[in-house]
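Q: With the hints as extra help, turn the sequences into a complete structure.
If you're matching them up, the sequences are chains L and S in order. Heads up, the first sequence is in the numbering used here, so the first residue is 1 and it goes up one at a time. Heads up, the second sequence is in the numbering used here, so the first residue is 1001 and it goes up one at a time.
Just so you know, the hints here were simulated from the structure itself, not pulled from any lab data. Be a bit skeptical, because a hint or two may be false.
Here are a few chain S residues that face chain L, going by a calculated C-beta distance under 8 Å [stated by the list, open to error]:
{"id": "1", "residue": "His1063"}
{"id": "2", "residue": "Leu1226"}
{"id": "3", "residue": "Ala1235"}
{"id": "4", "residue": "Ala1255"}
{"id": "5", "residue": "Asn1259"}
Using 27 Å as the maximum straight-line C-alpha spacing, the simulated BS3-like pairs for lysine-lysine come out as follows [said to hold, decoys possible]:
{"id": "6", "chain 1": "S", "residue 1": "Lys1342", "chain 2": "L", "residue 2": "Lys152"}
{"id": "7", "chain 1": "S", "residue 1": "Lys1109", "chain 2": "S", "residue 2": "Lys1196"}
{"id": "8", "chain 1": "L", "residue 1": "Lys152", "chain 2": "S", "residue 2": "Lys1203"}
{"id": "9", "chain 1": "S", "residue 1": "Lys1174", "chain 2": "S", "residue 2": "Lys1053"}
{"id": "10", "chain 1": "S", "residue 1": "Lys1075", "chain 2": "L", "residue 2": "Lys152"}
{"id": "11", "chain 1": "S", "residue 1": "Lys1074", "chain 2": "S", "residue 2": "Lys1053"}
{"id": "12", "chain 1": "L", "residue 1": "Lys152", "chain 2": "S", "residue 2": "Lys1074"}
{"id": "13", "chain 1": "S", "residue 1": "Lys1075", "chain 2": "S", "residue 2": "Lys1053"}
{"id": "14", "chain 1": "S", "residue 1": "Lys1075", "chain 2": "S", "residue 2": "Lys1315"}
{"id": "15", "chain 1": "S", "residue 1": "Lys1129", "chain 2": "S", "residue 2": "Lys1196"}
{"id": "16", "chain 1": "S", "residue 1": "Lys1203", "chain 2": "S", "residue 2": "Lys1129"}
{"id": "17", "chain 1": "S", "residue 1": "Lys1203", "chain 2": "S", "residue 2": "Lys1174"}
From a predicted model like this one, the values you see are computed outputs, not experimental measurements. Cβ coordinates follow ideal geometry from the N, Cα and C atoms, glycine included.
Here is how the chains run, residue by residue.
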Amino acid sequence: MTAPTAARRRIPALPFGAGRAELQEYALVGVVALLLIAGAILEPDTFLTSDNMLNVLRQASIVGVVAIGMTFVIATAGIDLSVGSMVAAAGVLGGQFADSGSLMFVLGAFAMGVLLGGVNAAAIAYGRVVPFIATLAMFTMARGLALWISDKTPVSIFNLDFVRWFGTGEIVGIPSAIFVFLGVTAIGWMLLNRTRYGRYVVAVGGNREAARIAGVKVQRIIFSVYVLSGICCAIAAILLCGRLSSASPVAGNLLELDAIAAVVIGGTALSGGRATIVGTFLGVLTFALIFNLLTIMNLAVEIQQVTKGVIILVAVLIQRKQN
Amino acid sequence: MMLTRFAVCVGVVLTLGLASCGGDDDGGGDSGTDTSTKTQTAQSSEGQGGTVKIAVSVPAADHGWLKAVSDDAKKAADDLGDQVEFTMNDSATSSAEQADQIETLINGKPDAIAILPFEGGALTPVAQKATAAGIPVINIDREFSTPGAYRTWIGGDNYGIGWQAGNYFADELKCQGNVVEIQGLAGISVTEDRSKGFADAIKQRCQDGIKVVARQPADFAPDKGLSVMENILEAQKQIDGVYTHDDDMAEGVVAAIENAGREGDMFLTGAGGSKAAMDQIEAGGLYRATFLYNPTMAASAVNLANLIARGEPMKDLTEPEVPSRIQVPATTVTKENVADHKDLAY
Chain L
1 MTAPTAARRR IPALPFGAGR AELQEYALVG VVALLLIAGA ILEPDTFLTS DNMLNVLRQA
61 SIVGVVAIGM TFVIATAGID LSVGSMVAAA GVLGGQFADS GSLMFVLGAF AMGVLLGGVN
121 AAAIAYGRVV PFIATLAMFT MARGLALWIS DKTPVSIFNL DFVRWFGTGE IVGIPSAIFV
181 FLGVTAIGWM LLNRTRYGRY VVAVGGNREA ARIAGVKVQR IIFSVYVLSG ICCAIAAILL
241 CGRLSSASPV AGNLLELDAI AAVVIGGTAL SGGRATIVGT FLGVLTFALI FNLLTIMNLA
301 VEIQQVTKGV IILVAVLIQR KQN
Chain S
1001 MMLTRFAVCV GVVLTLGLAS CGGDDDGGGD SGTDTSTKTQ TAQSSEGQGG TVKIAVSVPA
1061 ADHGWLKAVS DDAKKAADDL GDQVEFTMND SATSSAEQAD QIETLINGKP DAIAILPFEG
1121 GALTPVAQKA TAAGIPVINI DREFSTPGAY RTWIGGDNYG IGWQAGNYFA DELKCQGNVV
1181 EIQGLAGISV TEDRSKGFAD AIKQRCQDGI KVVARQPADF APDKGLSVME NILEAQKQID
1241 GVYTHDDDMA EGVVAAIENA GREGDMFLTG AGGSKAAMDQ IEAGGLYRAT FLYNPTMAAS
1301 AVNLANLIAR GEPMKDLTEP EVPSRIQVPA TTVTKENVAD HKDLAY
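A: Printed below as a string of structure tokens:
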């Protein structure tokens, strides 16, 4: 990536037009295809049905929405370990307004997502706290808040039809959660690839000093991606609570690991400077397919965990080769 | 400069070491201190009027059952009032953290300590340490790996839950059908016992009539229960019953079944005895039964700690000492008897 001189004050074109991240994406498409074929052979009657495929996509929506936000965070060479706890906290706070209707629930969830994401953002962008530490602190804080606000009991949202529609409703036979996921993915893709904001995000991750010299408001960019992550968590919380018909304070446990894994195997570099939304989408899909297939095969959970770990390792090794 | 820093560090370490030695009963061979502590213990175990110091350590509540444990223990201590000086630690999120907390509690020299360990095996050494220091340990639920580590164990009957559930399924399904088992946390003895009890019961009653077509863990979390059950519903077109290991987790499983519109095809059982479960059992429908694993055992543990610290017996027993094993029964709660158990629900 060429560093611009101060005089030019232009951000260079995105660095992966040359096809680096594209190889990763093609490799993932191959993995997804392999999984579909393997599933079709191993479980012919149940895996490759439209019902099950919609089920997989619907399950992928929750971690998928979070992973889109995580892509932006990781693109700035940051990390957000608090997303799982933020999902729980957002759902629980929304649940406190459950008696006032669905709109209040949604607003409450968004408010919590923005608030918690904002605390992360302020600590990291302006407080100069290392992202790992700041979001690790939020990981416990948000979980504690979720348990505290809810008094450790799930909040029922059975009567909130609108919210439940997000979890269980359908449009032309396709679950609404999938539309939300696709919508968030599309917006994320456009933000990253078709706006100046997206270029700034990648520039900040790739070479912070150069970006700063080129005139990018680095602190504002860093602040924004963590708030974005918080917003994505709120959306995921609405989807999850809609599906569970309740806001559970213990939800989203270890969700951050799933989101980070999906982003990383998708081709976005943990060291920043290179990001792909399509890769994240495929990464989320890969893990959802694995979980689905191995559960349908009724394989022991240990095998699922080992498989997941091996895939992450292999994906990262492929990334290193490209570097 | 480096030498100065080094000297400061060494000085700090030495100071801390000497301070801890000074407070330690066993160290330094100070027999005077030893005797006086022993006399104090002897006095408090004889005294009916004195206050006993009781410490309780339970893991941080990440689900309803543990929260109820914590609440019930506190309530029992409140009910005992001035008789006990009560300290409770319920914030540990890992075995290592809990071990540290218990070490601190031991240093406070309680007359008895009740522990619900995060993992029985991992916390056995610190329990042994408490026992060696003369503090009787009351082990709640998850058992330590050696009897030498505790004075009394009180817990539920995990195998019994499985056994009762197996018999319930055998009766309801008339020994014919497909069953899905949703376990809790894979690898802990609670899960193994609940699975084994179930498997043994249906084997004995029905031989191979009832088939467990899917068995997956959901980590006691409702959202995991939701996604695991969604996938199993895709795989299994014929499900007659669902045996879950936990009421809280079962909420997610119930949501998955209802979202798929298949609640009419099967029934579901939980374990633990949560209020939400009992409400659904009373209302009738998908949720048919739960098997008690009452968190009130924590309240009983506090009362046991009080008795043991005073050297008093349990009232209606002949023996002058508190028993070393008390197993709380796993009662089957269905629509017929749910009214009797609702007030103890958590």
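Q: Mind listing which of the numbered hints don't hold for this structure, in increasing order?
A: 7, 8, 9, 15, 16
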